[in-house]
Amino acid sequence: MDEKERARKILSVLRENFTLPRWVSSNRTPFETLVVTVISQNTSDRNTARAFENLSKRFMVTPENLLNVSVEEIEDALRVAGLYRNKARILKKLAEIVVEKFGGSLESIFRLPLEEARKILLALPGVGPKTADVLLLFCAKKPTFPIDTHINRVSKRLGFVDGKAGYEEIRQKLQKLFDAKDYFSAHILLILLGRRFCKARQPLCHECPINALCPMGEERLKNA
DNA sequence: GCCCAGGTGGGTA
DNA sequence: TACCCACATGGG
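The first sequence runs contiguously to residue 225 in this note's numbering.
Derived from the structure by calculation, the hints contain no laboratory data.
Here are the computed distance ranges between Cβ atoms for each label pair:
(1) Gln176 with Arg202: 25 to 31 Å
(2) Ser186 with Ser45: 18 to 24 Å
(3) Glu170 with Ser71: 38 to 44 Å
(4) Met61 with Lys5: 39 to 45 Å
All C-beta atoms, glycine included, are put in the ideal place defined by N, C-alpha and C.
Work out the full structure: start from the sequences and follow the hints.
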């Protein structure tokens, strides 16, 4: 079985074993998605949601509103998520740039070709490859594959890339292995898999739904 | 009390 | 370019 075939089977098994979280069908604006993604950096889903809700309760999350409130108020809302001083400053700065350079909307960036748009996003404060790719895939519907820490680990254990592969190498590889129409669901499902079964310290290969398709799973089952 | 969750950017060699 | 560390809270 070649790699692409294995990737296809893995995706199919993941679809049978996991349901996409509710927020997937929530319609956030691109700017809200940017804000949530920045908040989520190095932060659990639960605390990310709480922080974003704290913000939304105070005002509609638009660049104009963020520009007009004090950084202390943003800090208060974000405290629960951790790293709140950094993130509050970054959100202020992002609001300022979006209003002043992009007419209050990210849409003009999204209309550019993928790599061009990606470069512009990467130049924004607090926006690294993961955040840029989330925006491009989720909001701009561009064919790019965001790599978070779970996907990084899962890709290596599955043998899709070798252990020292970096962000860009993993992204290119997954984009080759999956069809562009599946990037979104594959991204979500691989994260769910990583969190539930393919944990950093304690992989649960015996219970993992794709252990038969994973070199690491086969190895562990053999040794059991 | 300790370890885990889980990206970016600034600094150093 | 490649690492190392700061950022900070909440839950098990």
